[in-house]
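There are 2 protein chains.
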Amino acid sequence: MAAFDIEISEVGPRDGLQSIQTIMPLEAKKAWIKAEFEAGVPEIEVGSFVPAKLLPQMADTAALVDYARTLEGLTIAALVPNFRGAQNAIDAGAHKISIPLSVSETHSLKNVNRTHDQMIEEVTKIAAYIQSLPKEKQPFFEGSLSTAFGCTIEGPIATQKVTEIAERLMKAGVNEVGLSDTTGYATPNHLVTLIKAVKSAVGEENLTGLHLHNTRGVGLANVVVALENGITTFDASLGGLGGCPFAPGASGNIVTEDLVYMLDSMGLKTGIDLEKLCAVRDIVQKALPQEELYGFLPHAGLPKGYPKGYQTTSS
Amino acid sequence: MAAFDIEISEVGPRDGLQSIQTIMPLEAKKAWIKAEFEAGVPEIEVGSFVPAKLLPQMADTAALVDYARTLEGLTIAALVPNFRGAQNAIDAGAHKISIPLSVSETHSLKNVNRTHDQMIEEVTKIAAYIQSLPKEKQPFFEGSLSTAFGCTIEGPIATQKVTEIAERLMKAGVNEVGLSDTTGYATPNHLVTLIKAVKSAVGEENLTGLHLHNTRGVGLANVVVALENGITTFDASLGGLGGCPFAPGASGNIVTEDLVYMLDSMGLKTGIDLEKLCAVRDIVQKALPQEELYGFLPHAGLPKGYPKGYQTTSS
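Chains as they are written, first to last, in the UniProt record's numbering: chain A, 1 to 315; chain B, 1 to 315.
If you are wondering where the hints come from, they were derived from the structure by calculation, not from laboratory data.
This list has only true hints and no planted wrong ones.
Using 20 Å as the maximum straight-line C-alpha spacing, the simulated DMTMM-like pairs for lysine to aspartate or glutamate come out as follows:
1. K161/A with E121/A
2. K304/A with E105/B
3. K196/A with E228/B
4. K96/B with D60/B
5. K304/B with E154/A
My request is simple: use the sequences and hints to build the entire structure.
In structure tokens form, the structure reads like this:
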């Protein structure tokens with residue numbers, strides 16, 4: 001974290017690719033990851049360790065982790081739904097693993113067919129397994145509070161439910177929890193309420209990351225209030241990949257290019273070269289010619305004469 | 001202002017329609033304005049008083065003002081480029097007139113062929129004319145600081161230039177100044193810097209309004225920091241009308257529907273019924289079948305069970 005103020009975690013190869021039908025060939029995934037690494041992106045979630053028959057788009061995640069380990073300095077993240085997945089991710093050499101726990105139990109049952117108790121049991125087993133490994137093989141273990149901002153089945157989720165799950169995750173042995181706006185329901189004040197509540201429940205230092213979507217257009221507005229409340233790590237997806245094809249502009253995750261532009265304009269260092277980052281779109285677009293890539297900055301371009309006279313630090 | 005916390009000024013019939021080729025028929029404009037008024041929008045900029053040969057899309061603005069005066073309680077705003085336009089707007093019965101003054105003199109010369117001195121002279125003449133009228137015929141007179149965040153010709157604009165023009169506008173007799181992100185260059189910290197500088201130059205109460213574009217995706221992020229800095233009036237355009245057809249999602253003005261959703265979710269009253277507002281899109285789309293309407297919320301819909309359990313006031 002020394003070289004930058006805000007850490008961007010690119011989740012397109014996981015969250016973006018799992019949301020579309022097309023299976024991106026391994027070589028294209030490698031080219032994408034390499035190009036983003038070279039643009040300065042410090043962390044990339046390269047895939048998830050789920051059964052290939054459930055998500056064939058993710059079948060080559062172990063091979064991708066193996067390749068990504070040749071990119072020196074890159075933090076390789078992977079999503080794991082359970083103990084088996086965590087073992088596979090750690091064996092492959094991932095530096096960071098995230099397990100999503102749906103705060104909505106209805107969603108948890110529907111999504112992974114597990115109750116909260118069963119999920120916490122998995123987390124406990126994973127934590128014990130990590131502890132059994134030599135220090136240098138231990139990944140960073142994140143518990144992701146998914147559907148924290150509301151559930152498409154249950155509707156609103158009480159803040160107390162979120163803090164309760166956050167506490168249980170910490171007790172079960174994760175290194176940190178993260179707030180995840182799975183459903184694109186987060187809005188600024190609600191977000192501030194949840195950040196404060198979770199930080200108060202598990203400790204300031206144990207909530208530093210956010211996973212936001214831009215489904216309802218308020219993704220970057222949410223980033224602004226999150227920055228004001230001590231969040232320093234943001235997931236984002238190149239080209240907002242994974243957006244709904246029926247909604248022009250309705251991207252899935254917040255768009256990495258737009259996020260980096262905004263942070264950069266605010267004088268916050270991300271270590272990322274914006275022009276090189278935008279150039280990565282060509283690689284992804286060529287590999288997925290039928291997918292529409294989102295993002296405002298890549299279309300509009302930088303302001304004339306940027307950054308001189310535009311970048312201002314917090315006032 | 002009693003009934004709401006934040007005032008939305010719909011500028012689609014002016015800023016949106018002047019940016020597209022198609023001339024919307026007067027009857028369709030009337031239907032649009034009526035429907036938005038009935039959805040609770042308190043102020044609508046119905047057009048601009050410019051020569052019809054320059055902007056044929058705006059040729060019927062006087063007739064539109066005349067019609068809008070039948071909608072009791074609606075504040076009718078109009079853009080005027082000069083003294084002649086202001087006279088026509090006032091004669092037609094507009095409640096509020098705005099004159100844009102480009103802080104970039106290069107842009108001013110190119111756009112209206114006038115120097116800053118010449119523009120200030122127009123403003124002085126308009127203010128004197130307003131003073132000569134009986135009280136009940138005097139419109140609210142706003143001076144809009146356009147290209148305040150940067151110019152597509154000059155590049156960055158110094159803060160001191162913005163405050164200088166703001167002071168000159170106030171001295172010349174406007175009731176208030178407004179900051180206008182004509183070029184879509186505004187970003188959060190820069191915006192805060194300008195709001196603070198202008199408020200400090202002309203007085204807290206003489207800058208309450210913002211005109212933002214969403215060209216680079218940070219429009220609603222800008223709204224959030226503006227709210228934190230005492231801005232209470234926002235221009236917005238239904239469907240982000242006037243966006244660039246080559247940039248999916250790259251709307252012109254911030255989208256009224258998305259703005260109202262965000263404010264509503266923050267517990268800020270706008271007096272606008274979100275469902276009725278979204279329904280206005282049908283009227284506009286039917287009248288402009290070849291134009292793409294933007295906006296995230298209208299595509300994604302409200303969160304399940306909204307607003308109960310989602311709306312949170314400032315924390």
